[in-house]
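Peer 1: So the chains spell out like this:
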Amino acid sequence: MNEVGNFLAEAFCRQLAGLVTPEAIRAVEDSASPGELWRTLDDSGFADALLPEAAGGAGLDLAQAFPLVLAAGEYCVPLPFAETMVARSMLAAHGADVPAGAAIVLAGPSAIIPCGRLAGYALVDRDGVPTLVAAGGSGSDLFRTGAATELDEGEVLATLPRDPDAVLLAAAAVSAALMAGAMARVLEMSLRYAGERQQFGRSLGKFQAIQQQLAVLAEQVLSTQVAARSAFTGSAFDPIRVAAAKCRANEAATQVCNIAHAIHGAIGVTAEFDLQLYTRRIKQWQLAFGSESYWGARLGQARIAAAAGTTADFLRRHLATGSE
Amino acid sequence: MSLTLENFPPAVIPPHAEALRDEVKAFIAEQLEGVPPHVRARSWAGFDADFSRAMAARGWIGLTIPREYGGAGLDPFARFVLVEELLAAGAPVAAHWIGDRQSAPLLLHYGTEAQRRDILPRLCNGELFFCIGMSEPNSGSDLASVRTRAERVEGGWRLNGQKIWTTYAHKSHYMIALVRTSGTSEDRQSGLSQFLVDLSLPGVTVRPIMIGTGDTDFNEVFFEDVLLPEDALVGAEGNGWKQVNAELAFERSGPERIYSSLVLLDLWARLLGDSPDPADAARLGRLVSRLAPLREMSVAMTALLAKGESPITEAALFKDMGTEIEQQIPAEIADAVATRPELATDPELLRTLAYLMQLNHVFSLRGGTREILRGMIARGLGLR
Ligand SMILES: Cc1cc2nc3c(=O)[nH]c(=O)nc-3n(C[C@H](O)[C@H](O)[C@H](O)COP(=O)(O)OP(=O)(O)OC[C@H]3O[C@@H](n4cnc5c(N)ncnc54)[C@H](O)[C@@H]3O)c2cc1C
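For the protein sequence lines, the chains are A and B, in the order given. Counting from 1, position 290 in the first sequence corresponds to residue 290 in our numbering; the numbering is continuous, with no gaps. Counting from 1, position 162 in the second sequence corresponds to residue 1162 in our numbering; the numbering is continuous, with no gaps.
Isolated chain A, as found in the complex (with noise of 0.2 angstroms):
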């Protein structure tokens, strides 16, 4: 069914794995700007998979798109690949001309926008109205992973359909699922710490407390997941689904960082150490674009609007796959 997707994401998890490594990561987040590797991700075509064929891209729909948004998630992209993706697919299914290479972050409301600095345009809502603009972040950078507090809005480029939704919407989807990405990555750092990492004289995943830890994070790890993936369907994000989503992601993420940190002791927040190249960012992404209550009561409305039938019915006809 994803066929396309899998086998493009596969391509796209080679690329990544020799081209974000570690020290690019950091080299990004020392100089808080893209450098080369912007424009060698770009080249690679990945971010014009969800763009028609005729227009060179993939003609990749969401759910097939998924797996590419996990990937950068999972290889902690520093830059929005993603967000970028995600705008040029909504731009282009308008029309709208997109600059060549830009890099394009999401700018739904929010108290920060994750890549603010590192992109050169924003996707904006005007009074409704989704607009690229050429875009500059600044204010304070709290995590260290180049997000802006500031957005300096330049020149229009397009305008979209007024849709006062859109971007959050989207927004709020990429997020969930580079959480969902970044999660699973963080899982298996934390299974291979637990291998290796030795005390009382045994490695500290025979300790039944630890297993018990795992098996908690794994549960977070992958329900998130499954969420996530539901958020990436169809041709456009739906309210209900992102929600859903953003909402499961929220949660989760106290508690797979809180576990995976426990794991790693102290070591884990050491600027050597990779694990917190991931949990900053997936606290970051925790604060932007709506919180669990925020999208946990947008979820709840849409329940209530929805009187007629039990929960159950309503997970059938709004979350499930294939409902769409």
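FYI, nobody ran anything at the bench for these hints, they're computed from the structure. As the structure is a prediction and not an experimental result, all values here were calculated from the model. Cβ atoms here follow ideal geometry from the backbone N, Cα and C, with glycine treated the same way. Be aware that a few hints might be false.
Unchecked claim - Now the stretches of chain B that chain A is said to cover, found in silico as 3 or more residues with beta-carbon under 8 angstroms:
{"no.": "1", "segment": "1086 to 1100"}
{"no.": "2", "segment": "1225 to 1234"}
{"no.": "3", "segment": "1259 to 1271"}
Chain A is fixed; fit chain B with the ligand onto it per the hints.
Peer 2: Relative to the frame of chain A, chain B with the ligand by itself:
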């Protein structure tokens, strides 16, 4: 790592199975008319033999059992649709639940042709109810240590020992019992076998256990020199542990591990009205957001079962998370209704809530405890 998103491939319930849904909804609406939520909240612990026989009359017990044995010959997806509707409505399914969910598939898979011909048609007719005889007073989580023993005797087996926590043994006709047929407790998984025990045989004593709420759903079951016929053995002698484990994928992967508090959730949601307090809406939405991926997982496991696979680790992960949300729902609603203690609470909501508040802690015990499930997940992750 061997537990990833690929263990839960996206699955869609096929149209032939969905086609059943409206008919089931109509049946339930008719059967449960006027039954209040606090009764429906018993969910799959609610026992009503008449209801089960009405289900059987529709051909809805043993849905996945081949027609030649009295079943409907449908696939696990059809069963998913059926039980999802039953659970969401709080239908009293307990009488046929165990037989339908695990005894029938067990007999179909491991039973002799004679056992299948003898038992399955009556099970599907709603004539025979089943219970699970696994736990013993000294063998709970450590199930492999069971001591109840069956010894070969002339023409059959002699059974001695005791089972406990046997849900609805006092209303069941048969127990599928896991017992020792050779060796001792120290031999652990080897030497265990499963038996089909007719509970009306001489030497069987069933004693209900009352719980604090006044309910008596589960029992102690004693076996004193019970003579079982030769063909009471299910599957191969000594193969009991493997067979029990095969049952677990059925026992732990279904929607009953996420919907046990659904009647309460829906009653509360309905009472919130059209313009709820935003905090209540958020609480509701957060619960829904946790249920959504779990239902997806359950459908994914149904697809795996339909392919003949046995997603045991996946089911452990799903059940651990599912029962947590089932436990959380009454806790959240209790918090919500008492957020403003000066406001009156709907009496039916209060009754339904109180019922579930007294029972939700067992949701993570029945069918294997959290710690045991997490141990299985850890094994799936390669840690053990
Ligand atoms: C409502 C209900 C219905 C039931 N129905 C049936 C039925 O129909 N048939 C049947 O056979 N059984 C039934 N059971 C029994 C159920 O399967 C057992 O309760 C369960 O397996 C746990 O066993 P136990 O109660 O003896 O607890 P124990 O095994 O004594 O466990 C007590 C606590 O210790 C923990 N623990 C045990 N071992 C370990 C370990 N190695 N590491 C860490 N923690 C551990 C457990 O997780 C648990 O928290 C039912 C139980 C309930 C509550």
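Peer 1: Confirm or reject each hint.
Peer 2: Verification of the supplied hints:
1. 1086 to 1100: holds (count 3)
2. 1225 to 1234: violated (count 0)
3. 1259 to 1271: With 6 residues closer than 8 angstroms to chain A, the segment 1259 to 1271 of chain B meets the three-residue bar; holds.
In the structure shown, a violation is registered for the earlier hint numbered 2 alone.
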